[in-house]
Each structure stands twice: as structure tokens, then as C-alpha cells.
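Protein chains: 2
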Amino acid sequence: MLAPPLRQQSLGAGRVSQPPCRRRTPNPNPATQESPHIYTREEVRSHSSPETRIWVTLGCEVFDVTEFVDLHPGGPSKLMLAAGGPLEPFWALYAVHNQPHVREMLAQYKIGELSPEDKAPSTLKTSDPYIDDPVRHPALKVNSQRPFNAEPPPELLTENYITPNPIFFTRNHLPVPNLDPETYRLHVVGPPGGQSLCLSLDDLYKFPKHEITVTLQCAGNRRSEMTQFKEVRGLEWNIGAISTARWAGARLCDVLAKAGHQLCETEAHVCFEGLDSDPTGTAYGASIPLARAMDPEAEVLLAYEMNGQPLPRDHGFPVRVVVPGVVGARHVKWLGKVSVEPEESYSHWQRRDYKGFSPSVDWDTVDFDSAPSIQELPVQSAITEPKDGETVQSGEVTIKGYAWSGGGRAVVRVDVSLDGGLTWHVAELDGEEQRPRKAWAWRLWQLQAPVPAGRKELNIVCKAVDDSYNVQPDTVAPIWNLRGVLSNAWHHVHVHVAP
Amino acid sequence: MLAPPLRQQSLGAGRVSQPPCRRRTPNPNPATQESPHIYTREEVRSHSSPETRIWVTLGCEVFDVTEFVDLHPGGPSKLMLAAGGPLEPFWALYAVHNQPHVREMLAQYKIGELSPEDKAPSTLKTSDPYIDDPVRHPALKVNSQRPFNAEPPPELLTENYITPNPIFFTRNHLPVPNLDPETYRLHVVGPPGGQSLCLSLDDLYKFPKHEITVTLQCAGNRRSEMTQFKEVRGLEWNIGAISTARWAGARLCDVLAKAGHQLCETEAHVCFEGLDSDPTGTAYGASIPLARAMDPEAEVLLAYEMNGQPLPRDHGFPVRVVVPGVVGARHVKWLGKVSVEPEESYSHWQRRDYKGFSPSVDWDTVDFDSAPSIQELPVQSAITEPKDGETVQSGEVTIKGYAWSGGGRAVVRVDVSLDGGLTWHVAELDGEEQRPRKAWAWRLWQLQAPVPAGRKELNIVCKAVDDSYNVQPDTVAPIWNLRGVLSNAWHHVHVHVAP
Chain F
1 MLAPPLRQQS LGAGRVSQPP CRRRTPNPNP ATQESPHIYT REEVRSHSSP
51 ETRIWVTLGC EVFDVTEFVD LHPGGPSKLM LAAGGPLEPF WALYAVHNQP
101 HVREMLAQYK IGELSPEDKA PSTLKTSDPY IDDPVRHPAL KVNSQRPFNA
151 EPPPELLTEN YITPNPIFFT RNHLPVPNLD PETYRLHVVG PPGGQSLCLS
201 LDDLYKFPKH EITVTLQCAG NRRSEMTQFK EVRGLEWNIG AISTARWAGA
251 RLCDVLAKAG HQLCETEAHV CFEGLDSDPT GTAYGASIPL ARAMDPEAEV
301 LLAYEMNGQP LPRDHGFPVR VVVPGVVGAR HVKWLGKVSV EPEESYSHWQ
351 RRDYKGFSPS VDWDTVDFDS APSIQELPVQ SAITEPKDGE TVQSGEVTIK
401 GYAWSGGGRA VVRVDVSLDG GLTWHVAELD GEEQRPRKAW AWRLWQLQAP
451 VPAGRKELNI VCKAVDDSYN VQPDTVAPIW NLRGVLSNAW HHVHVHVAP
Chain V
500 MLAPPLRQQS LGAGRVSQPP CRRRTPNPNP ATQESPHIYT REEVRSHSSP
550 ETRIWVTLGC EVFDVTEFVD LHPGGPSKLM LAAGGPLEPF WALYAVHNQP
600 HVREMLAQYK IGELSPEDKA PSTLKTSDPY IDDPVRHPAL KVNSQRPFNA
650 EPPPELLTEN YITPNPIFFT RNHLPVPNLD PETYRLHVVG PPGGQSLCLS
700 LDDLYKFPKH EITVTLQCAG NRRSEMTQFK EVRGLEWNIG AISTARWAGA
750 RLCDVLAKAG HQLCETEAHV CFEGLDSDPT GTAYGASIPL ARAMDPEAEV
800 LLAYEMNGQP LPRDHGFPVR VVVPGVVGAR HVKWLGKVSV EPEESYSHWQ
850 RRDYKGFSPS VDWDTVDFDS APSIQELPVQ SAITEPKDGE TVQSGEVTIK
900 GYAWSGGGRA VVRVDVSLDG GLTWHVAELD GEEQRPRKAW AWRLWQLQAP
950 VPAGRKELNI VCKAVDDSYN VQPDTVAPIW NLRGVLSNAW HHVHVHVAP
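These protein sequence lines are chains F and V, in that order.
Letter by letter, the first sequence follows residues 1 to 499 of my numbering.
Letter by letter, the second sequence follows residues 500 to 998 of my numbering.
Check before you lean on any hint, since a few could be wrong.
Calculated cross-link-like contacts (lysine-lysine; reagent style DSSO-like; alpha-carbon spacing at most 30 Å) [claimed, not checked]:
# : chain 1 : residue 1 : chain 2 : residue 2
1 : V       : K640      : V       : K577
2 : V       : K640      : F       : K258
3 : V       : K577      : F       : K438
4 : V       : K705      : V       : K640
5 : F       : K141      : F       : K78
6 : F       : K206      : F       : K387
7 : V       : K729      : V       : K708
8 : F       : K141      : F       : K209
9 : F       : K438      : V       : K609
Hint data in this document are derived by calculation from the structure and do not stem from the laboratory.
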């Protein structure tokens, strides 16, 4: 039962600065409105498994998150790393947690507070793991600082067919490792009975150098449009989580062959591990099918050059994977290890993220094993000029953008509408003509169209068609998914027409 | 100037049976309302080129079609076959011409009539080229008798994962040739300096026999839904221009290799010629890229068996091409000749048909060279049960259908809505699990869903997702094209709920 005087006191204190160990958000559970239970760190530590229940602390507060573990967006295993201890070292790494709705969710699980002698900051030293991240270009629009995720603004994105390195979109999952090119080694696990390779950069340079232009796109590109329809969990990417570079390196098939790997009849996978890792030493990881890795025509690279320069640190220095036509998440950066396995990578990012689901699936019903990991991406396009909300001159309007499709499928047409999709114009395709079946890079496009007389506003839309005649869906709601990936509905830009 | 009395006389005669050589449809050109000019067949014959102008006859009427030649839906070359002579032998072959709107169009070009002595039927004997076509299964819904085009009704289409031969959809462009398996020869042109092959059926049987399950789909499947939005030129296919069979034959790559062909650096094409031909001897033809033809993993077949039987005559007896994952039009039937060429087939059906265009393109603006020939098809699905207009019981409804994608991309999910696309259910996928990258065959699917209480009608919708996460577009208007191909918008079925 509620203790009214206490409660009123609590409500009355709502407007003044609260002591650090008082609840900061309204708590729907009346039980915790009473005097808090007091626990020692020792007691908390003993609750670190489902059997003993799973407790964690944040500041001076103690939470029983047993029921939440399976609902954790980052996966149960990530939350279990903090079982029996403080959340701070992990939240420092995944700054996405520092949001009001996360604290609100957590507040529901509060069971008490730490004893006064334990209220001192955790003895686990939380040095900033991002302190050594590189300096970035100021033009980048930052979606998350820790880990660093940023995109070029639309007005710069299609200024160049090749995206300059400093504004190439950056999608990091962890702090940027600071690797010494002299001591760097790539470990390539050999087949049973074969030889494993331990390759220095100089060793990699000895493989035939292969150079190709490839567009990389994050699965979350244009997620912000999904969010407008309904909330999702993920970074708020605009249309800039896509960029194009000239990559050079050794072909993965050559390196795998050197280690003695062959294409096998059964489905196998090439697993990549990055040298970026979380506090427990878990590295970023992903995999691609062996068939793609071994196919010379698929041109999968172990890249050490980006636009004629050594890879920038944010893009995987000294070596990253480049998998043409495939989602960015498989292009593992700061590559440390390559192995051939009978199953896909067991990495969280392969199995519990970067998958698409029906709009009917929510966090209560999602079954990650039911969907394939995203590999090839669907056809995509967006308008980079004019910008949403801009005022254009009457007479003629110039519209620019990009279009790309996964799997080496070339973009064959971009349709542009000035009236929300009722009538269409065919845009002019710029940029490099792509090779058949190896159209790894985007096409830029533009259209100069007369502004219909008397129009005060234009609802500009673009949609692309690839050479399998795949098209983009009309609207975002039917492709909405709980992670906000694969957002490739028609792109809209609304502008005013100057009188 | 008009001669009023004559015109009134003409109008007055409108309700009585007209003599065979009088205009049957209203003619917008007042000049021809006067006494017709009279020409001899000899005169007509002298008008057979753009320089002399192009005349044709139909019955007793003479037409100057010079201005129409470039607008001819079947291509200028096809119309030029009749230049200076009668249309009947060609119209007998392409029965699509026997429609009121075609006669109306032609009427605009009337310049006169044949002289009385030439009014006798053309001396060019028009025996029915379709007289030898095989007998067909009565269940087939016939869209065109000459050439024969027919599809199974939806209720039979997904009764079996493998479509029985007698109801496999049939898409013929010309009369069915009657070929003797004893004397049949397949001509495979060798490379310069190599050997050409002349293969009997027994020779083909000596190549390793390869057997795969492949779904074939016509580019015009579901065209009728495009027509509902806006008229197109093409046969009115419902959702049944798709079927699945177990095909067996020699791999094309083995046969090409035997003839000495190799994959070359420059883009080349394998051209196929059928033994079906029009009165001038022009055969049906099509081509695919050499890279696909030579890739063992692409499994292109010279098939001589369909579901364990010799090919039925309607499906290419004795040998047809089967190109998994690719539009039906490239699966050339009654195969007579295979050659490797630097360019795509010059066939009308490769270059002037089976291409996709923007909805903004019409017959006045179309540039066939601007679009790639359709090869791989986009993701597709349709509802086969219940049928449109049916009444379903309240309580629970069972919904069934098919889903397929081109290029070997597997269908990974089918979403079904009962409310026009506002909310979605995930259907259960039946049929054979497909091999990665070689998902040549469809998935059948079904959903049992509760009918929301109080609903009198259901707007059932399906949409599929393939393993590149390509999706179907929401609506048909934005993918409408003048030939009505690639109709893969969400499929809708409206049903009533029994009270």
C-alpha cells in the first residue's frame, strides 16, 4: 500500500534537484514508492544467473532485470556481461543507452538501492574506451559519437561520384582500434590438414592487387523515414549511410586458395573477425557464404587502399573486407581473422541484428532465427537536391540523387515525379556505366523538369529500377520492421515554389 | 468538301447489312466518304516501300499505311512483310488483329477499294497455319487460340507443387511445329576455327543428364491487372502465366564446351532459334548472356524431359531451352539453332518486346533500345485461394498462393493482409526448400487467419520478400508500362464474409 505522506514528499521534491541516489523518473510500480530495500555490492554480485536472478546496478540503484534479459535489443548475451555488477562500463561503450526512454524502461525493474558504504562509485574503473578515436571531418552529420556513426549531408553526398574519404559515411560498432601497420597480422585459418596463414601487410601486398569501385550502404540507411511512421530501435540515419570509393587490395579468393581452401559441395561460410572489441574482448564479426568468397567474379577484397590512400582509421586501417553488392555490415573493418566454418558467424551482428522482419513482428514476437541475415541489398534511390523544405524557383527545377542495387544488379532507370507519384519523368543517369552482373557502384542521376505553372509546392519522388526489374516499394509502412533496416520506399522531398 | 446527299445515304445504310466491300466502321476521314478510288492489285503491289508509299489490302479495301508502319505494335518489319499485298495471311497467324479497335485504326488509312476484277479472294492461299496445333486440356483458360496462349485457372494452379504437364501455362508466339524426333537435329555453331555440332536427340542424350525443378513465368503474367489501370498491348493474362516443372536435359555449358566455346572477356550472348516460324520463315528467337550460359551453377538446360515425360508439343518437343530464374521468353522451344554472338539476338522478341519502360512512356515516345531486355524477373506472388468475389465463412479463412523470384533468389517471407495492407500476417511457406543462390522454383504458401468479427468483406493482399530483401511494389499504376509486362504489385482478392 502507498504511504501518502512519503509520496507527497516525493512529488513535492519533483521540481528540485534530486540527490543522485533518488529515482529520477516516475516509477509505475507502487511497491518501490516505499522506503527502498538496501543491498550490498556483495549481494548484487551473487545475482548473476537466471537461477539466482539477474541483478545490475546503475549509480546507487539496484535492478532485477531477469525478465528483461530476453527482451534486450542488443541481445541477452550483451546484457549478461553486466550481470551482478554495474551497467556503467557497458553504457560507456554503447552510448545509445543514455536516453530517457532507456532509463524509464530500467526504472520498472528497480528493486532497491545500494547500502551507504557501497554508494561510492564502482571500483571498476571506466576509462573512456573512445578516447583514442580519430578526429573527424566537421561536415559529417553525427548520429552517434560512441561508437562513432556519421553521414555526409545530402548536399555533399552526390557532389562527387567517388565519395572523398573524409566524408565517407562511418558506421562503427565499437571504439576504433589503433593498429600498428608494422606489427599487424591477419590470421587466415587453413582447412583441416591445411596450413594457416599469418599475413603481414607486406605479405598481403604480394597477392595480385585488385581494384574496383564499390558502393557501401548501411542496412539502416534512411531509417529516419521508418521512425517517422513508427518507432524503431537503431541510429537515426538520414539518406547518407551510403558512399562510394575505389578500393584496392588482395582478392579474398586468392588468399583463401593460398591457405588451401576450396569450394565445397555443402554450404559453408567465411567468418570475419575485427580487431575492434568490447570490454570482454568480444570482437565485431560477420560472415558471407563461401560460394561468394571463392567466386573470382564476386570480387570480394581484403582491401588496404581506399581512393588511392591507405584506409583511414575509421574505415578499417590497415585492412578491411569489401564485399561488393552486399550490406555494409559484412565489410568487416580492422580485419584480424578469417576462417571457413560450416555455419554463419555466431556474432551478435550476424545472428541477432541486420535481419528483416514483417511489420507485424515486434520485440515480443521476434524470432531472429526465422529470417536470413541480410547479404545482398534491394534496389535503392534517394533525392539529394533540392532539400526537403527548400524553396525552388518557378520555371525549371533541377533534381539530383543516387540510385544503387545490391548483388551487382545495375540500375537501369530512375523515375522522378513532381506530383507525389501521379506522373513520372525519366531521369538522366550519370556516373560510370557499370559492368554486367558486376554493377557494384551507384549511378548518380539528375532531371531538369519544368515546374508546372501555378504550383506552390512540389512533392518530388524518386524510384529506381534495376536490371532484374526490381523496383522500390511505394510506401514505408508495409516494409517497416522493428530494427528499421532495409528502408527503400520511394524517397520524397517536399519543396515550395517561389512565387 | 462533303457531298451531303451521299453522306446521308451512307448514314442511312448504317443499320442494314453492308456489302462485303463497304466500310464496316465509321470513318473519321471525310474524303473517303465519297465514291471510293479504285485500284488494281497490280497498282497495290507497286506500293511496297517508303519511297513509293506502303499499301496493303484487307478484303476489298486498300490502305496506305506508310505513316503507321513505325507505330505497328509488332514492329515495322512485321508489317512490311505485307507491303503491297493482302493482310489476311498475316492476320491468320496473329489473330490478335481480329479485334474491332484494330479495324478502326486501319480504317483511318483507307484510300480506296480494289477493282471489281480483283475483288475475288487473294490468290495467296491462306491455309490455316494452326491446323496442326495439338489438342489441349479443357481446364486451360485460353487467352488466344492463334497462336495458342492459355493458363491454368487459379484454383488448379497451386493444387500441386509440380504443375501437371497438361495444365502448364502455354505461351506460343507462332504455330506449333510438328517435328520428327528421328530426323530432328540441333545445330550448334562452333567458334571461329572450332567445330559446329549437328546433334540428334541420341547425341543430346549422351551428355550428362541434369535434372532440376524450375518455375517458368511469362513476362506478361498478371497483365490483366495493368489493363484495369490503363490499356496495354498484350494478351490478358490473369495470375496463371507461371508454372513449375521438373526439367531434365543436357546442360548448355556442356554442349557449348563440346563445340569449343569458352567464356570470353568481352560480353557475348548465346542466341537461340526456334523451329517455329512465320510465313516468311522468320523463326522465334531470343538470347541470354554467355556468362550465364557457360556458368555450371546457372544450370541452363537443353531440356528434353518435362516431369519425366518427353516434352509435350506445346512445350517445345523435342528440345527447349530452360534458363532458371529468367523470364519465359528466353526459354526457346522447338530449339533449332544455338550460336554465340557479340550482340544480343536480333529477334523482334529480344529487341522490340519483353522490355520494361517508365509509366510515362507511350507508343509515340518509346525507344526500345533504351531499356535492357528482360532476363531475371523481379519478386512475385499471388493469391490462388479464395477467388475474387467468393464468399468465405466467418470464423477462419484459409488463404493460399504462390511466390517466386528471379535470378535464383529464394522467397524468404510472404506477408498477407486481410484489411488491404494495414496489418499483416506471416504466411507459412510450403513446397520444397530451395538451394542457396539456385532457388529456381516457387514456394507455395498458406495462411489460416481468423476473420475479424463483424467484417462483411475482406480485402486480402499478399506480398513476398526474396533473399536480397527485394519486395513487391504496393500498387500497379507506378509500374504500368505500355506492354503490360512485369506486373508484380501486391495481389488483391476481395471476398464477402458469410453472415
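The hints, checked one at a time:
no., hint, result
1, V:K640 <-> V:K577, "28 Å, holds"
2, V:K640 <-> F:K258, "58 Å, violated"
3, V:K577 <-> F:K438, "36 Å, violated"
4, V:K705 <-> V:K640, "38 Å, violated"
5, F:K141 <-> F:K78, "28 Å, holds"
6, F:K206 <-> F:K387, "46 Å, violated"
7, V:K729 <-> V:K708, "46 Å, violated"
8, F:K141 <-> F:K209, "33 Å, violated"
9, F:K438 <-> V:K609, "52 Å, violated"
Of the numbered hints listed earlier, those contradicted by the structure are 2, 3, 4, 6, 7, 8, 9.
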